[in-house]
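If you read the protein sequences in the order shown, they are chains A, B and C. For what it's worth, our numbering labels the leading residue of the first sequence as 1, then goes sequentially. For what it's worth, our numbering labels the leading residue of the second sequence as 1, then goes sequentially. For what it's worth, our numbering labels the leading residue of the third sequence as 1, then goes sequentially.
Just so you know, not all the hints are guaranteed correct.
Where chain A lies over chain C, by a calculated footprint (3+ residues, C-beta under 8 Å) [to be verified]:
#1 15-21
#2 185-196
#3 260-268
#4 341-353
#5 450-458
#6 513-524
Pairwise CB distance ranges (calculated) [claimed, not checked]:
#7 A:E280 to C:R417: 48 to 54 Å
#8 C:E474 to B:P40: 51 to 57 Å
#9 A:R378 to C:G277: 36 to 42 Å
#10 C:E474 to A:A355: 53 to 59 Å
#11 A:G262 to C:A270: 51 to 57 Å
Because the hints were derived from the structure by calculation, they are not lab data. Model, not experiment: these values are computed from the prediction. We put the CB at the ideal spot given by N, CA and C, even for glycine.
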Amino acid sequence: MRDLKHLITFENLLQTANNALVAQAKSDGKVCVAYTCENVPEPLLNLGDCCSIRLFAPHTGSMDIATYYMTNLLCEPSRALLERAIEGGFNFADCVITPDGCTMMNRAVENMELLHTMGEGNPHFFHEYMEIAFKNTESDVALAVLQCTNHVLKPLHENYGVDVSDAAIREAVERHNKVCRLIREIGEFRKGDKPRITGYEFHVLCLATYVCPKYLILDMLEETLEELKTREPDDKPYRARLLVVGSEMDDPGMIKLIEEQGALVCCDRFCFGSYPGRCEIVLNDEEDALTQVCRHYITNCQCPRMMSMDKVYGRKQYVADLAREYKADGIIYQQVKFCDPWAYERTLGSAMLHADFGYPVLSVDRPYNIASSSGQMRTRVQAFVESIEIKKIQRGEQA
Amino acid sequence: MKKLLKLPLYLLLAALGFFVVTFTIYFFNLDMKATSLLAPWLEKWYDHLERKQYI
Amino acid sequence: MKTVPKVVNPVKRAGEQSPGKIYDEKLKVRARREWRGVKDTFYDYTRWLYLIFVLARFIVVPRNIKGFFRYRWMMSYLFVPHGMDKFTIGLRDEALRIAHTSFNFVIADVTQAIANCFRGDRRVGNDKAYSDKCVITDENSMVTFMMGFDTKKVHTILREVPTMFASNIFHQFNVMHYLDIAQQYGIPGDVCPMPEAEAGISIDDDFCVLGSCAVQNNTTCDGSLMGNGIIAKRLEREYGIPTFQLATPLRHKEPDVMEYAAREIKKAIAFVEEHTGEKWDWDVYFAAAKRVNDATRCRIAQMEINSTPYPQFFGAAFSLYNDTNYMGNSGRNADFVKIDHKLLKLAQRGYEAKRMYAKEYRHRCIVWGVQPQYVIDMLYWMVQCWGVMPLTDMLSVINTEMIAEVDTPENREQAYRDMAMLNMEMIMRNHTHGGYKVLVDELWELCEKMNADIVMMWEHMSCKALTGMHGQFEEQARERGIHIMWVSHDLCDPRVFTRQAIRDQVNNYMRTVMREEPLDPSLENIPDNEAY
Numbered sequence: 001m002r003d004l005k006h007l008i009t010f011e012n013l014l015q016t017a018n019n020a021l022v023a024q025a026k027s028d029g030k031v032c033v034a035y036t037c038e039n040v041p042e043p044l045l046n047l048g049d050c051c052s053i054r055l056f057a058p059h060t061g062s063m064d065i066a067t068y069y070m071t072n073l074l075c076e077p078s079r080a081l082l083e084r085a086i087e088g089g090f091n092f093a094d095c096v097i098t099p100d101g102c103t104m105m106n107r108a109v110e111n112m113e114l115l116h117t118m119g120e121g122n123p124h125f126f127h128e129y130m131e132i133a134f135k136n137t138e139s140d141v142a143l144a145v146l147q148c149t150n151h152v153l154k155p156l157h158e159n160y161g162v163d164v165s166d167a168a169i170r171e172a173v174e175r176h177n178k179v180c181r182l183i184r185e186i187g188e189f190r191k192g193d194k195p196r197i198t199g200y201e202f203h204v205l206c207l208a209t210y211v212c213p214k215y216l217i218l219d220m221l222e223e224t225l226e227e228l229k230t231r232e233p234d235d236k237p238y239r240a241r242l243l244v245v246g247s248e249m250d251d252p253g254m255i256k257l258i259e260e261q262g263a264l265v266c267c268d269r270f271c272f273g274s275y276p277g278r279c280e281i282v283l284n285d286e287e288d289a290l291t292q293v294c295r296h297y298i299t300n301c302q303c304p305r306m307m308s309m310d311k312v313y314g315r316k317q318y319v320a321d322l323a324r325e326y327k328a329d330g331i332i333y334q335q336v337k338f339c340d341p342w343a344y345e346r347t348l349g350s351a352m353l354h355a356d357f358g359y360p361v362l363s364v365d366r367p368y369n370i371a372s373s374s375g376q377m378r379t380r381v382q383a384f385v386e387s388i389e390i391k392k393i394q395r396g397e398q399a
Numbered sequence: 001m002k003k004l005l006k007l008p009l010y011l012l013l014a015a016l017g018f019f020v021v022t023f024t025i026y027f028f029n030l031d032m033k034a035t036s037l038l039a040p041w042l043e044k045w046y047d048h049l050e051r052k053q054y055i
Numbered sequence: 001m002k003t004v005p006k007v008v009n010p011v012k013r014a015g016e017q018s019p020g021k022i023y024d025e026k027l028k029v030r031a032r033r034e035w036r037g038v039k040d041t042f043y044d045y046t047r048w049l050y051l052i053f054v055l056a057r058f059i060v061v062p063r064n065i066k067g068f069f070r071y072r073w074m075m076s077y078l079f080v081p082h083g084m085d086k087f088t089i090g091l092r093d094e095a096l097r098i099a100h101t102s103f104n105f106v107i108a109d110v111t112q113a114i115a116n117c118f119r120g121d122r123r124v125g126n127d128k129a130y131s132d133k134c135v136i137t138d139e140n141s142m143v144t145f146m147m148g149f150d151t152k153k154v155h156t157i158l159r160e161v162p163t164m165f166a167s168n169i170f171h172q173f174n175v176m177h178y179l180d181i182a183q184q185y186g187i188p189g190d191v192c193p194m195p196e197a198e199a200g201i202s203i204d205d206d207f208c209v210l211g212s213c214a215v216q217n218n219t220t221c222d223g224s225l226m227g228n229g230i231i232a233k234r235l236e237r238e239y240g241i242p243t244f245q246l247a248t249p250l251r252h253k254e255p256d257v258m259e260y261a262a263r264e265i266k267k268a269i270a271f272v273e274e275h276t277g278e279k280w281d282w283d284v285y286f287a288a289a290k291r292v293n294d295a296t297r298c299r300i301a302q303m304e305i306n307s308t309p310y311p312q313f314f315g316a317a318f319s320l321y322n323d324t325n326y327m328g329n330s331g332r333n334a335d336f337v338k339i340d341h342k343l344l345k346l347a348q349r350g351y352e353a354k355r356m357y358a359k360e361y362r363h364r365c366i367v368w369g370v371q372p373q374y375v376i377d378m379l380y381w382m383v384q385c386w387g388v389m390p391l392t393d394m395l396s397v398i399n400t401e402m403i404a405e406v407d408t409p410e411n412r413e414q415a416y417r418d419m420a421m422l423n424m425e426m427i428m429r430n431h432t433h434g435g436y437k438v439l440v441d442e443l444w445e446l447c448e449k450m451n452a453d454i455v456m457m458w459e460h461m462s463c464k465a466l467t468g469m470h471g472q473f474e475e476q477a478r479e480r481g482i483h484i485m486w487v488s489h490d491l492c493d494p495r496v497f498t499r500q501a502i503r504d505q506v507n508n509y510m511r512t513v514m515r516e517e518p519l520d521p522s523l524e525n526i527p528d529n530e531a532y
């Protein structure tokens with residue numbers, strides 16, 4: 001296929017957290033709200049002149065200083081973020097809002113706070129920590145509303161004078177939805193037998209919507225969508241269509257590696273992915289917007305820290321539904337090394353998706369930066385793709 | 001009657017015997033030494049039991 | 001660096017001077033028991049007899065024999081006397097009596113828990129009527145939500161305690177099998193081995209199956225929360241036992257989580273009522289609340305004694321007794337009150353007599369982090385070998401607030417918040433969760449309060465909440481002039497760190513950093529790596 005016009009621009013934007021668009025947003029007078037977890041309602045971080053930037057640490061190499069502070073037993077993303085923060089890579093942030101979602105990420109941010117890695121010279125800079133919901137109930141919605149009020153809206157208003165009214169939230173949701181609609185429409189092109197976008201390209205676009213100010217990439221996304229409508233797909237068949245599920249993944253290199261083995265990543269269900277992070281938030285006029293936003297996040301949350309059994313079973317059903325919708329031949333359950341929640345979720349999910357739903361599943365752990373150790377992963381994906389092909393042949397289908 | 005008079009003596013002897021035996025077991029840790037001999041056999045027993053293993 | 005005055009014991013210890021001699025590497029148990037002088041040896045012997053009686057009384061019941069041969073973890077039951085010896089290494093006088101009084105009671109309590117499990121277990125006793133009145137709870141869970149249920153009518157079954165927790169204390173290798181099973185099914189080896197072993201037990205189908213319902217909790221950590229899903233799936237889908245997940249907020253010091261936590265307690269109570277058919281009784285609750293307060297007062301008094309130069313109730317017995325009383329009992333069992341007061345009386349007597357349990361106390365130590373279960377005698381060893389007196393451990397630094405204990409309409413609402421507070425402030429998680437202040441800042445406050453010059457930091461390598469603050473501990477200890485002695489371990493997997501590997505970390509620190517010689521060189525190297 002012909003290269004997408006803006007792909008290289010997006011790829012360049014993903015080379016560093018403090019990218020050109022973040023710098024532009026700062027010069028536009030925006031309040032850069034840094035966050036670290038998908039459980040924080042994103043539209044609330046984009047109220048008024050705020051723009052949310054999800055922290056990531058591309059091209060992570062050495063993590064020696066962070067390892068001193070947190071030992072080598074904590075997950076690599078948490079250490080990579082701390083290392084990058086210590087290096088000054090997140091100095092653009094005007095505040096950091098983090099939920100007590102998983103212990104390791106929470107500790108990373110606490111270390112950032114104790115080491116004063118950000119906010120130098122900014123008297124309004126603040127760190128906020130939130131409790132987040134565990135279950136899908138109205139009691140949890142009430143908890144989320146209170147937490148968002150106390151730890152997002154109040155500090156944003158008090159420190160930066162941000163308008164946190166119902167109207168402002170609705171407006172932020174509308175802007176958020178616009179990005180979601182674009183990403184989802186683009187993602188639809190992965191469904192066909194001859195997809196017009198690869199999994200890698202899609203992940204680059206989707207990732208950019210988390211780590212760049214959204215208002216600065218809208219035009220490029222719209223143009224990309226138009227371009228895809230007429231893009232001529234490749235004639236070559238893919239060896240297998242794969243759904244990638246799992247923990248935090250902000251490294252398109254991982255998707256690239258999978259696709260280099262002849263597979264197509266037809267759908268993404270991971271943190272930083274489009275499911276459920278880029279699902280539209282539908283608001284009604286009967287209830288206040290904040291409650292509805294919180295309910296959306298709780299209902300749609302696929303994070304393994306949601307502990308009630310309806311969520312435990314529901315997460316597997318969600319993956320199976322996506323696999324069916326996107327006609328996946330197999331599923332890769334991936335977990336970034338030392339991630340406790342996904343260690344268990346991967347184990348149970350890969351067992352259930354195979355036993356209860358009949359999908360071939362590859363269950364792997366991976367480093368944060370796949371470039372640091374790609375050989376093993378390449379071999380495992382290769383073997384998995386081959387096993388799917390063999391099964392197809394055995395079933396009499398065309399491989 | 002004579003036998004009855006000797007009862008406390010028998011009881012005392014029995015108590016003394018009980019003390020000597022149990023204290024010997026206690027002090028020389030014979031209870032745990034015997035248990036440690038039993039343990040490998042028990043492990044084999046548990047290994048051979050059929051279990052419905054799945055996740 | 002901070003220093004504390006050395007306290008020298010003017011009295012020579014009765015009996016054996018070097019308990020290290022009783023270990024033998026050819027045996028997997030000790031060569032013999034410790035000679036503690038006539039009086040204390042006889043006392044220890046009588047407590048051993050009592051223990052044998054408790055164990056024998058349990059095993060003569062036919063269903064318990066059946067259970068013994070069904071469940072692998074029951075092997076540790078045989079090693080209870082061996083375990084008890086670990087709790088009394090080098091102890092004499094009041095400390096010996098305290099260790100026996102507290103731990104024999106805990107053992108009797110756990111033995112009863114096993115008997116209850118077997119009675120209702122579908123595979124063993126299969127007493128359905130009894131099982132229908134049982135509620136399974138997590139091992140690492142406050143049972144406050146059961147405080148208002150009559151213990152004669154509804155039975156709280158902490159089935160993971162004998163299966164995993166106690167099992168690992170008495171027999172260091174017993175949990176390895178379950179860890180292997182869990183990892184064989186794909187759970188990585190880097191997660192906390194405690195919930196991993198529990199998941200392994202479930203996968204291996206080695207839990208007793210009983211109860212009308214189960215209540216799970218997220219109290220300890222991400223691993224514990226996640227392991228629940230695997231266990232609940234089997235309970236619900238295979239055995240038809242409904243489960244309730246009691247969500248406990250992590251940021252427990254923030255007032256804005258309290259109402260949510262209280263609502264969760266209410267839901268858990270309603271769930272238990274629905275499935276057992278029994279009603280919550282406020283009289284029962286407030287009676288239990290009084291006992292909780294009583295236990296809190298006793299614990300505070302014990303801590304005050306430990307703040308003096310003559311601590312009495314310390315080490316593993318202190319920690320495990322507090323765990324059992326605070327978490328597994330939560331005021332429900334009136335017998336704990338008698339034991340609490342007996343222990344306090346013994347401690348006061350020991351303090352007044354200025355009893356010491358080593359030749360000298362060179363350092364006053366706060367033990368922070370989570371203790372490995374298979375080296376449960378470590379703290380006694382530390383004081384005997386190096387004169388480092390453990391004043392308290394992190395798990396014993398728990399709630400000091402009184403809860404409402406008088407039945408009034410207002411207090412009935414307050415009661416939910418009290419239960420929620422206790423639940424959120426469960427042992428360990430009240431420090432490992434809730435922000436760095438409760439983990440780091442509170443440690444320094446405690447060092448100040450108890451006049452400690454050294455912190456022994458258990459670095460449980462899979463406890464991400466603790467290791468995530470490693471650098472902060474180091475730097476802040478340096479600023480405050482407090483020695484920090486890191487001791488790494490893997491909680492319940494002796495393959496990662498053997499017992500001697502754990503002790504060697506202390507040996508090395510004391511020799512190289514503190515430049516000291518051991519008080520009792522016979523203890524520096526103990527050949528017990530292969531012992532049960």
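Structure versus earlier hints, numbers of those that do not hold, lowest first: 1, 4, 5, 6, 7, 8, 9, 10
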